[in-house]
Amino acid sequence: MRTFTPLRKIAALAVTGMFALSVSACGASGSPADSGSASEQLTVGFVAVGPEGGWRTANEENIKEAFKNADIELKYAPATNGDQNSQITAFTSFVDEGVDAIVLSATEATGWESSLKKAQEAEIPVVLLDRGIEPNDESLYTSLIAPDNVGISTAAAEWANKQFPDGGNYVVLEGPPGLSVVNDRNKGWDATVESSLKKVGSQSANWSTEEAKSVFETMLKSNNNDIQLVFAQNDEMGLGAVQAVEEAGLTPGKDVKIITIDGTKNALTALAEGKLSFVAEYNPLFGEDAVNVVKKAVAGESVEKNIVVKSVTFDSPEAAKAALPDRKY
Amino acid sequence: MSAPAPGIGSRLKGLFSQQYAWGIVALLLLLAVDVIKDPSYLAITVNPTTGNLSGNLIDILRQSAPVLMIAVGMTLVVATRGIDLSVGSVMAVSGAVSMQFLSTAPNTAGSAFAALGMGLGLALVLGLVNGVLVAWVGLQPFITTLVMMLAGRGIARVITGGQNTAATNDAFRWIANGTVLGFPVVFVIAAVLVAAVAVLVRRTALGTMIEALGINPKASRLIGIRPGGLLLSVYALSALLAGLGGVFATASVMTVEVSRTGLNSELDAILAVVVGGTSLAGGKFSLTGSVVGALLITTLDKTIVFLSIPSAATPAFKAIVIVAVCLLQSERVRGWLRGRRAGRAPAQRPTPPSPAPSHSSPVAGPGGEPATSGSAGGAGTAGTDNDQKAVNA
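In order, the protein sequence lines correspond to chains S and C.
Each residue of the first sequence is one higher than the one before, counting from 398 in the working numbering.
Each residue of the second sequence is one higher than the one before, counting from 53 in the working numbering.
Since the hints were made in silico from the structure, they are not lab data.
Here a beta-carbon is modelled for each residue, glycine too, at the ideal position from N, C-alpha and C.
It is possible that part of the hints are untrue.
Stated by the list, open to error - In silico negatives: residues of chain C with every beta carbon more than 12 Å from chain S: (1) Ala301; (2) Gly314; (3) Leu359; (4) Val375.
To be verified - Just the calculated beta-carbon pair ranges, DEER-fashion: (5) C/Val251 x S/Gly575: 45 to 51 Å; (6) S/Thr648 x C/Ile96: 21 to 27 Å; (7) S/Ser713 x C/Ala95: 34 to 40 Å; (8) C/Leu332 x S/Lys718: 54 to 60 Å; (9) C/Arg254 x S/Lys461: 38 to 44 Å; (10) C/Pro362 x S/Ser699: 52 to 58 Å; (11) S/Ser511 x C/Ala250: 51 to 57 Å; (12) S/Lys472 x C/Leu67: 55 to 61 Å.
Stated by the list, open to error - To give an idea of the interface, some chain S residues facing chain C are shown, with a C-beta separation under 7 Å as derived from the structure: (13) Pro574; (14) Gly598; (15) Ser601; (16) Ser619; (17) Asp623; (18) Gly650; (19) Lys702; (20) Ala716.
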């Protein structure tokens, strides 16, 4: 008992303090509608994913920079180890704080209804970045800005169809089950890939290089190395698969062709060396789009529900070499 | 040994009196399932291109090395009635510092040694902080290591600037991917270290002292065991081994993933310890058991992939196997399975003089020794909750 009373006191103090702060903040801003918001600096809450990989870092840095350039105060709240709970907590406190808008990259697609409704009641526009919600109730958010996952994986599957006209065996290295990104990337791929290509396995490697190496090493063994194609749903897992192929004494790019999505510098370097065979970019640089949408939404103008960020694909070492020098992430 | 050699039957009986026997059974069953799927599962061949031994068993050995490291450290910590939740984060920290160093260092064996030293050194510092806080400040191990678990991941991020740093160094890579006489280097290192720790605690009085501390801290103090140094050493050792585990994990792909490396490894380690028959209430521990537990967990992970169990169903599959092993270890469940003989079984095994009964029935009544430990546990969980909130806020 002795040990935890002080802790409780501290926690109580902290909660009271936050409450007092948020109350005073509300008092200060008063009625934002008629006080001429153009002269005041906007405050936007960013419920983010936090460190996850090269792609995510590039994305979040770009968003932070864009808001800074637009002179909007961005409060950055990354999730603790990809935990949705910590995101919901951050989201709720932004609503209580009364920020002008919230941008959200959800770690999990489901379970956002009640939080989004709270924001709606408080008349705070919510812009989803990169990751959608499920069920996709468009009335709950202002706009979704994201590259088109289905389109990107469709492009990857079309390339695979062309490369393997006589068919072959392939495996999929997925992200954590349940994410909208994973579902969409599967959807585009499964709908497009020819039936002559046979899926001999599909496993989650949790976006991780280390896990992907271990998973693919075992997949190779369970299929007696008879796998010609890997569809890795992000760059990190693709690079892990490259290492597993090399350890097995095979040549990546020749014996096993590997497709990855994201287009980070590391992946393009590997593509330039011929270790990866196809890299589909998933463009992370949409900070400016996010700023425009947020500005419009706060001003009460209508915005598009779905904004697709343009992405390109790289299918040869030459293309990768050309793109490498000015790759930012 | 001058007495007539014990028959196979009695030897088996001796083995089955060990808690970890069911872990071995589960391990063999998993391997059997793999063999049914592919009869050549156990085959070890020489890879024609690389000249190394290759096979599923080799993969399992290689993969088990980091888990072995943290499980051994965890066993000793748990035996002192503690717990070390920070091992996964310490793995990330040591991996991060070595990768960050190697990303700019020249590709030589010298820089590999330097990176190894830096990783292990930083891990040791974190372990010493844990140890001092537990041993001398008297904080709850759960809280102390939980704070270190959250702080450690933060430290790892600061070290790499939030990036997943990759590096090239052949010597460092060899630690995780190389072979000695065909066997994976990582497993050889892990096995040697496990053996060294086992000799250290079992050939000296150290192990007995740790057990005494875990069984009854007051009584052990009265017979002259000083808890401070002992606690400090087990937390330091646990972190040091975790640091090495982190080096193994990152050297395998030569990339540190600050939010992934070592994630949930503490849970794997605790599982390995429990499957191995060491009670989380502290006291008697079994290093062999933890080794069996670590091998079981790795085999389970590999089997899931080998059997192509859909990724959505893997946590459930893993849980079922672990729960089955734990159920089989339970005296009571085995009693039910044996039917009538159940009545005698619990009587044969004397209950250890630990305050275990107070855990199972904290409401039994106020007063006396047991109530103190019950309320301490309560404070632990409440404190955690506050802590978590403070960090999230």
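- Task: Report holds or violated for the interface hint on S/Ala716, using the least CB-CB distance to chain C and a cut-off of 7 Å.
- Result: Where the cut-off is 7 Å and the nearest Cβ of chain C is about 22 Å from S/Ala716, the hint is violated.
- Item | Status of the given 38 to 44 Å range, CB of S/Lys461 versus CB of C/Arg254 | The hint (38 to 44 Å, Cβ to Cβ) is violated, given that C/Arg254 and S/Lys461 are roughly 55 Å apart.
- Message: So, as I understand it, the hint says S/Ser601 touches chain C; can you test that by seeing if any CB pair is closer than 7 Å?
- Response: Because about 4 Å separates S/Ser601 from the closest Cβ in chain C, which is inside the 7 Å limit, the hint holds.
- Task: Under 7 Å, Cβ to Cβ, is where S/Lys702 needs to be relative to chain C, so tell me if that hint holds or is violated.
- Result: 29 Å, violated
- Query: Should the hint that S/Gly598 touches chain C count as held when the rule is a Cβ pair under 7 Å?
  - Reply: 5 Å, holds
- Query: Far enough from chain S: is every CB of that chain over 12 Å from the CB of C/Leu359?
  - Reply: Answer for C/Leu359: violated, closest chain S Cβ roughly 8 Å.
- Task: Could you tell me whether the CB distance from C/Val251 to S/Gly575 stays inside 45 to 51 Å?
- Result: 46 Å, holds
- Task: Closer than 7 Å between Cβ atoms is the bar; does S/Pro574 clear it against chain C? Give me holds or violated.
- Result: Hint holds; S/Pro574 Cβ to chain C Cβ min 4 Å, cut 7 Å.
- Query: Measuring from beta carbon to beta carbon, are C/Pro362 and S/Ser699 in 52 to 58 Å?
  - Reply: Distance hint for C/Pro362, S/Ser699 is violated at roughly 42 Å.
- Query: At the C-beta level, are S/Ser511 and C/Ala250 separated by a distance inside 51 to 57 Å?
  - Reply: Check passed, 53 Å falls within 51 to 57 Å.
- Message: Holds or violated: the 54 to 60 Å window for the beta-carbon distance between C/Leu332 and S/Lys718?
- Response: 55 Å, holds
- S/Ser713 paired with C/Ala95, Cβ distance criterion 34 to 40 Å: With a Cβ separation near 39 Å, S/Ser713 and C/Ala95 satisfy 34 to 40 Å, so the hint holds.
In the structure shown, a violation is registered for the earlier hints numbered 1, 2, 3, 9, 10, 17, 18, 19 and 20, in ascending order.
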